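Residue numbers (the working numbering), protein chains in the order written: chain A, 1 to 590; chain B, 1 to 406.
Bear in mind the hints are in silico, worked out from the structure with no lab data behind them. Check the hints yourself; a few may be wrong.
Said to hold, decoys possible - Okay, derived cross-link-like pairs now, DSSO-like style, lysine-lysine, Cα gap no bigger than 27 Å in a straight line: (1) Lys537/A x Lys16/B; (2) Lys537/A x Lys434/A; (3) Lys94/B x Lys214/B; (4) Lys36/B x Lys434/A; (5) Lys94/B x Lys36/B; (6) Lys36/B x Lys441/A; (7) Lys94/B x Lys125/B; (8) Lys214/B x Lys441/A; (9) Lys588/A x Lys325/A; (10) Lys214/B x Lys36/B; (11) Lys35/A x Lys21/A; (12) Lys214/B x Lys434/A; (13) Lys537/A x Lys441/A; (14) Lys94/B x Lys16/B; (15) Lys465/A x Lys588/A.
Unchecked claim - Chain A stretches covered by chain B per the calculated footprint, using a threshold of three residues with CB under 8 Å from any CB of chain B: (16) 408-416; (17) 438-444; (18) 447-461; (19) 538-552; (20) 555-568.
Unchecked claim - Calculated from the model, a selection of chain A residues having no Cβ within reach of chain B, i.e. all distances over 10 Å: (21) Gly41; (22) Gln228; (23) Pro268; (24) Asp378.
The model shown is predicted, which means the values in this text are computed figures rather than measured ones. C-beta: ideal position from N, C-alpha, C; glycine also.
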Amino acid sequence: MTANGWFQIGVYLLAIFLVTKPLGVFMARVFGREKTFLDPGLRPIERLIYRLCGVDENEEMRWTEYGAAMLLFSGASLVLLYVIERVQQWLPLNPQHFGGVPQDLAWNTAVSFTTNTNWQAYVPEITMSYLTQMAGLAYHNFASAAVGIALAIALIRGIARRESGTIGNFWVDLTRCFLWVLLPVCLVGSLVLISQGVVQNLKPYATAKLLEPQTVQVQGPDGKTFTQTITQQVIPLGPAASQEAIKMFGTNGGGFFNANSSHPFENPTPLSNFFEMFLIFAIPSALTYTLGRMTGSPRHGWAVWGAMAVLFFVGVTTVYWAEAKGNSQFSGVNQATTALQSGGNMEGKEVRFGIANSALFATATTDASCGAVNGMHDSFTPLGGMIPLVNIMLGEIIFGGVGSGLYGMLVFVILAVFIAGLMVGRTPEYLGKKVEAFDVKMAMLSVLVSSVTILVLAAIAVVSKFGTSGISNPGPHGLSQILYAYTSAAGNNGSAFGGLNANTLWYNTSTAIAMLLGRFFVVIPILAIAGNLARKKTAPASLGTFPVTGPLFTILLVSTIVIVGALTFFPALSLGPILEHLVMLSGKSF
Amino acid sequence: MDHALQSRTKALTDPKIFRAAAIDSFRKLHPRTMIKNPVMFVVEVGAVLTSIQLVRDGLHHAGAFGFGLQITLWLWFTVVFANFAEAMAEGRGKAQAETLRKARAETMAHRLRPDGSVEVVPSSKLRSGDEVLVTAGELIPGDGEVIEGIASVDESAITGESAPVIRESGGDRSAVTGGTRVLSDEIRVRITSNPGETFLDRMIRLVEGASRQKTPNEIALNILLAGLTIIFLLAVVTLQPFAIYSSAPQSIFVLVSLLVCLIPTTIGGLLSAIGIAGMDRLIQRNVIAMSGRAVEASGDVDVLLLDKTGTITLGDRQATSFHCCPNVTETDLASAAQLASFADETPEGRSIVVLAKEKYGLRGRELAPHNPAFIPFSAQTRMSGVDLDGHEIRKGGAGSHREIRG
Numbered sequence: 001m002t003a004n005g006w007f008q009i010g011v012y013l014l015a016i017f018l019v020t021k022p023l024g025v026f027m028a029r030v031f032g033r034e035k036t037f038l039d040p041g042l043r044p045i046e047r048l049i050y051r052l053c054g055v056d057e058n059e060e061m062r063w064t065e066y067g068a069a070m071l072l073f074s075g076a077s078l079v080l081l082y083v084i085e086r087v088q089q090w091l092p093l094n095p096q097h098f099g100g101v102p103q104d105l106a107w108n109t110a111v112s113f114t115t116n117t118n119w120q121a122y123v124p125e126i127t128m129s130y131l132t133q134m135a136g137l138a139y140h141n142f143a144s145a146a147v148g149i150a151l152a153i154a155l156i157r158g159i160a161r162r163e164s165g166t167i168g169n170f171w172v173d174l175t176r177c178f179l180w181v182l183l184p185v186c187l188v189g190s191l192v193l194i195s196q197g198v199v200q201n202l203k204p205y206a207t208a209k210l211l212e213p214q215t216v217q218v219q220g221p222d223g224k225t226f227t228q229t230i231t232q233q234v235i236p237l238g239p240a241a242s243q244e245a246i247k248m249f250g251t252n253g254g255g256f257f258n259a260n261s262s263h264p265f266e267n268p269t270p271l272s273n274f275f276e277m278f279l280i281f282a283i284p285s286a287l288t289y290t291l292g293r294m295t296g297s298p299r300h301g302w303a304v305w306g307a308m309a310v311l312f313f314v315g316v317t318t319v320y321w322a323e324a325k326g327n328s329q330f331s332g333v334n335q336a337t338t339a340l341q342s343g344g345n346m347e348g349k350e351v352r353f354g355i356a357n358s359a360l361f362a363t364a365t366t367d368a369s370c371g372a373v374n375g376m377h378d379s380f381t382p383l384g385g386m387i388p389l390v391n392i393m394l395g396e397i398i399f400g401g402v403g404s405g406l407y408g409m410l411v412f413v414i415l416a417v418f419i420a421g422l423m424v425g426r427t428p429e430y431l432g433k434k435v436e437a438f439d440v441k442m443a444m445l446s447v448l449v450s451s452v453t454i455l456v457l458a459a460i461a462v463v464s465k466f467g468t469s470g471i472s473n474p475g476p477h478g479l480s481q482i483l484y485a486y487t488s489a490a491g492n493n494g495s496a497f498g499g500l501n502a503n504t505l506w507y508n509t510s511t512a513i514a515m516l517l518g519r520f521f522v523v524i525p526i527l528a529i530a531g532n533l534a535r536k537k538t539a540p541a542s543l544g545t546f547p548v549t550g551p552l553f554t555i556l557l558v559s560t561i562v563i564v565g566a567l568t569f570f571p572a573l574s575l576g577p578i579l580e581h582l583v584m585l586s587g588k589s590f
Numbered sequence: 001m002d003h004a005l006q007s008r009t010k011a012l013t014d015p016k017i018f019r020a021a022a023i024d025s026f027r028k029l030h031p032r033t034m035i036k037n038p039v040m041f042v043v044e045v046g047a048v049l050t051s052i053q054l055v056r057d058g059l060h061h062a063g064a065f066g067f068g069l070q071i072t073l074w075l076w077f078t079v080v081f082a083n084f085a086e087a088m089a090e091g092r093g094k095a096q097a098e099t100l101r102k103a104r105a106e107t108m109a110h111r112l113r114p115d116g117s118v119e120v121v122p123s124s125k126l127r128s129g130d131e132v133l134v135t136a137g138e139l140i141p142g143d144g145e146v147i148e149g150i151a152s153v154d155e156s157a158i159t160g161e162s163a164p165v166i167r168e169s170g171g172d173r174s175a176v177t178g179g180t181r182v183l184s185d186e187i188r189v190r191i192t193s194n195p196g197e198t199f200l201d202r203m204i205r206l207v208e209g210a211s212r213q214k215t216p217n218e219i220a221l222n223i224l225l226a227g228l229t230i231i232f233l234l235a236v237v238t239l240q241p242f243a244i245y246s247s248a249p250q251s252i253f254v255l256v257s258l259l260v261c262l263i264p265t266t267i268g269g270l271l272s273a274i275g276i277a278g279m280d281r282l283i284q285r286n287v288i289a290m291s292g293r294a295v296e297a298s299g300d301v302d303v304l305l306l307d308k309t310g311t312i313t314l315g316d317r318q319a320t321s322f323h324c325c326p327n328v329t330e331t332d333l334a335s336a337a338q339l340a341s342f343a344d345e346t347p348e349g350r351s352i353v354v355l356a357k358e359k360y361g362l363r364g365r366e367l368a369p370h371n372p373a374f375i376p377f378s379a380q381t382r383m384s385g386v387d388l389d390g391h392e393i394r395k396g397g398a399g400s401h402r403e404i405r406g
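I would like the entire structure built from these sequences, with the hints used as guidance.
Below you can see the structure in the form of structure tokens.
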């Protein structure tokens, strides 16, 4: 661990802190339909869209209507992507002449991008045409992010409104999110990334002649191995920068290339790396301020932000410590940090990023439901790899995915407020709204769904042949691989631990189920909470009300998250990463 | 109600309650009772599972029998202890109710036979439709309606109003409540409730916990606990496949004890005991909560507004000083007031006599030579006094004086 590393982590946290208020205020204005500086250019477009789609922008929806509109939109988007994937061979912009995507893979990918998971069981540069990437995948990066933000805004409205039957209009929220928030930032973001060297073109893949021909052993179709000399290399190209910006800003994480953000065409420089990490946390962090502003209690927004920042800092410190310490089994190998080497465990990491930036990226991408990677989590030390896993297991609420992070966190806020209320002996109140049986029931339901999905599917996989055949390392590391796959899918993260061959019928089907459950079955109870809270009266805060601002509340919130999350997954983790760590200390690795 | 509430804290170790609770804690092991508390039900199921496994291990001489036995015993102890805590709290509530019930049985009523003669029966024997005679100083034996006469009644025990109220036949002031005291005059009351339905009975039932319903917060908390139990149950159930993968399958004893450690056993086991104990504590402080909901609501109170000061006082107004008009000495006033109050049997009247005696040493004088004619206090005149050798001394409210003087 170096001063330089700590400094970069500090600068990152500071940058996130600084963007929170301005972006938060901007989003509150956008979704509150107040005036913004972008209105002159965007209002005419917005009105045109409503006229074309027949949407009345002043119509309000009940939570059931809002949910139905959201499901309708997501379902239609899902089918659209599936169809594009299946027929891409007949569509334009396919310079490499890729065939249609196989059924189960196309289904898995369609679900994955619709749910903002971006789990990729395929290798993009040899599977997807440019059209599929742009019209299918990049479109979903925008759409799924906008849906997530709209849902969070609906929940905030539910908390803020009094005795109201409605929580806003889904179509209006969706459209305004596209036009005011996502498109302008991504336009600028893409240009910033291009300036750093991220590719953006529609050319066929380039071919380069190798300076030094390579000789490899290849297995032929008849099963015999023969020697082949390779003299040229194919370099994939494509419209990467335009997809890269929304991949980070919408916490999607689906890479344009298989190597994701460790690929030099996606993430060429330390500066582009910093910018991409900044984009991951920008909206999730700013939404806490939007929450504070729309509910009239900015200090509550900051208290929630504080809980997120504490958990993030603990996570990044642990990963940084575990990775910088290196592997204890390399006795006699110099793992010290010097001017000439990064030191620590550099396996699976890019030298242009080093230990600190890889630790930071891994923590941020799993805190948020992003899932982009700039190093392979599979190659992290057992504890270093456990933190990303735990981050997702906690529900991706440490800043979290765009929208989904905030509404996931608010579920824990409701639980924390409820427990605190009972401790002080009063009916629990959250910003003046009484928290009652229905709210607790729905909150528990949404917490229950993802835990159940992860544990049950992983348990089936580890004791079945079709499950264990996919893992590349035996022992506790294999358990971590399977656990990570389902955690990533149910948490809608989409990052892969690596090492697991997930493109099989079983994994494509089961992870798709996990992704659908993890998104929609979590969201519907939350919308029900929003609708129920909106109906309630608010009581003014009094001396006896448990304050939801300040450090005491932050501590309580963090404890609630850690206790519920840690107790649920500790038994499973103890047989995976924790066991692997102990075994590593005794001199064995996997 | 005062006398009923004088039941004092029962010692925690009261052997009678203890013994009853110990028996009850085993009776409550019945699954039909246990399922009402999902968390403890899960523990009981776990205990049954380990017991079965223990028997099988014992028959096959397999596994670590001592370990299994220990875990099984701990589990059963956990379940029984939770039941015991609940039974203990219920037992203490029942003891309180017993005291209340005894107090009710001690009230004797003067029931009118159809032929007009009076018989003395315990109030618990009264039926709806019976007619009773209640004279000054007696407790009204049951809820009913005044059908003849007018009386001032001290209802402070129930309404908190310190000044006696007038109850008379006909009109909307005819309803009387069992347990209140008649201060003057005599009334005939027709009882309107059967035993077991009176106001007092409802309170007793409440204290016993028989009609105790779950409060809104308790329901919400139960949902939270049940949710956590499901999550942790799954965490443990899925641990076994993970353990099999790691080729270290765990025995049922280990899994069940891990589950019991994870689920919120403590709060789940003691929740209903806490609820009952809370009501019980209130009773000890002479507060009767009509429902758990009321207790919860009182926790949400920020400001308490009282519409009168008397609400929290006892129902006997006491004289504390004499205030004289000009040209009247205090001794003269005290003497006259005392004379006028001899025939006033209400607490107020008696207190005037006592005050005059304590403050000015005025004692009961030999009045016979003066041919006294006492005029007793009645609810109609709201006046008492005495006629002495042509002097008329009267005491009463300003309104009643105005009526007499015209």
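Hint check against the structure, violated hint numbers in rising order: Hint check: 1, 16 fail, others pass.
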